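A.B. asks: The listed protein sequences derive, respectively, from chains A and B.
With our numbering, the residue at position 315 of the first sequence is 312, and numbering never jumps.
Quick note: to get our numbering, add 2 to the position in the second sequence (first position is 1).
These are computed hints drawn from the structure, not numbers from a lab.
Among these hints, one or two may not hold up.
[Said to hold, decoys possible] Only pairs whose alpha carbons sit at most 20 Å apart, straight line, appear in this in silico SDA-like list of lysine to any residue:
| hint | chain 1 | residue 1 | chain 2 | residue 2 |
| --- | --- | --- | --- | --- |
| 1 | A | K209 | B | L34 |
| 2 | B | K13 | A | A217 |
| 3 | A | K209 | B | Q12 |
Because the structure is a prediction, the values reported are computed rather than measured.
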Amino acid sequence: MNGGSVPSRRRFLSGNDAVAEGVRLARPHVIAAYPITPQTTVVERLADMVSDGRLSTEYMYVESEHSALSALIGASAVGARTFTASSSQGLLYMAECLHYASGGRFPIVMMNANRSVALPWNILGDQRDSLSLLDSGWIQSYALDAQEALDLTLQAFAVAEHPEVLTPVMVNLDGFVLTHTYEAVDVPPTELADEFLPPFVTANRMDLDRPKSLGFVAGAADNTEFKYLQHVGVLNAAGVIADAEAKFNRIFGRKGGGLAEAYLCDDAEYILITLGSVAGTVRSVVDDLRAAGRRVGLLRLRYLRPFPGKEIAASIGRAKAVGVLEKDISFGHEGAVYTNVLSALARGGNAPPSLNFVAGLGGRDISRADIKGMFDILSDEESPRRFDSPVRFIGLRGAKAGLA
Amino acid sequence: MIPMPRPIFQKYVAPIRAEDYPIGTVAESGVLLSGSADWRRERPVFNADLCTGCLKCYLACPDGAVVREGKKVVLDERFCKGCGICAVECRLKAIRMAAERE
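Next comes chain A alone, as it looks inside the complex:
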């Protein structure tokens, strides 16, 4: 906090607790959710808040994730501020409604606990759930730590509800690694949160005095225009996110990182691009390697939609090689984040050799040694074959030092 003029309330919170605090500060009218590991404690905390009077909201117990999001679409359609949370199988069960919500331009906010997708059954963290829904029309952000989880959650409402955006937002937290680990978090007072986030007002709603048609058909003659406007809404979010972060900084004294945050990339020869909580470990490895005289950097993608294409192209600079580290694989091709990054590099006209590091699947730890190994592969100029196959499964049993 800056200068001590802003009241600070540091508390020891898990990532999930921090999301719940962010939701409380946003004062949603309606919350509907179905519990699923590792999201459960978010909705438990919110239920506690409703029960002890700290949060006044219509808290709906629903029978499934599909119903949770359907209920919120209805609530949003009368102009309510709404929140839900899910994960993995639950998020996928919602998938149909994700498109409904974004197509209807209902600015619902969701927290997703990034978790592996069955089969094999697994409740631990990876990013294959939300990344498989990049095309659902939702804005997607990925939190680094619990503080950022709170901040992104509160900001999500401001971004989603902005009249030039009107698009739902999914705030992603790495399952367990972030959702269930504790750290000191500054929880702003409600008066400041109210100053940051005014009540939701929209003309995009049911109104008995001015009857409207909702959820109508648009055939081949009109469909393109609706989809184009959805695209524009998500693109507009880039500027709205920047404005929201500037306002947030003015009120709370904490800067945001924009769509993507570069760390020591300016003179970096080798850059690792990643997202979510693992970026914290990468950052500390970058510090160690820098201390040893190696010119390495980190580019952390905070949002995947809208995609920080310009930020990526601008941060790569003189890099001799870049790696993309993600907890995802689009079978038969490469990780979804890698595909997106390559497209941004190609658009920017500067695409250095690159590798895709697939790691952390089903909750497997991504160690400092793993990350150092990624920088080693990127920078091993003695090995001309190091870019022959771009997709590397880190720690694959029986494979030579990270090579798949």
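Since the structure of chain A is provided, determine the placement of chain B on it from the hints.
C.D. replies: Chain B alone, transformed into the frame defined by chain A:
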């Protein structure tokens, strides 16, 4: 009697520019962008002599296709899919399902 206002339908004219389309699928009522009832095989026929105007058919209709005109209950053919729920729900047997063609 409870008023039952229905928007007056206007002819749909496509906007000239994409930016003129509504944001999301929320727009002023009264424009039917695409018809969705032309595959109806049966239609309800209301018997005014048996009907007491209880409006149970109106409440049961999933498509809002039952309309009251004065004291009479009539069908809005633009929305009726011919499901027949109204005929089943009517205890007075004042609604009969009739084939669209034959």
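A.B. asks: Now look at each hint and say whether the structure bears it out.
C.D. replies: Here is how each hint holds up against the structure:
no., hint, result
1, A:K209 / B:L34, "12 Å, holds"
2, B:K13 / A:A217, "18 Å, holds"
3, A:K209 / B:Q12, "14 Å, holds"
In terms of the numbered hints stated before, the structure departs from none.
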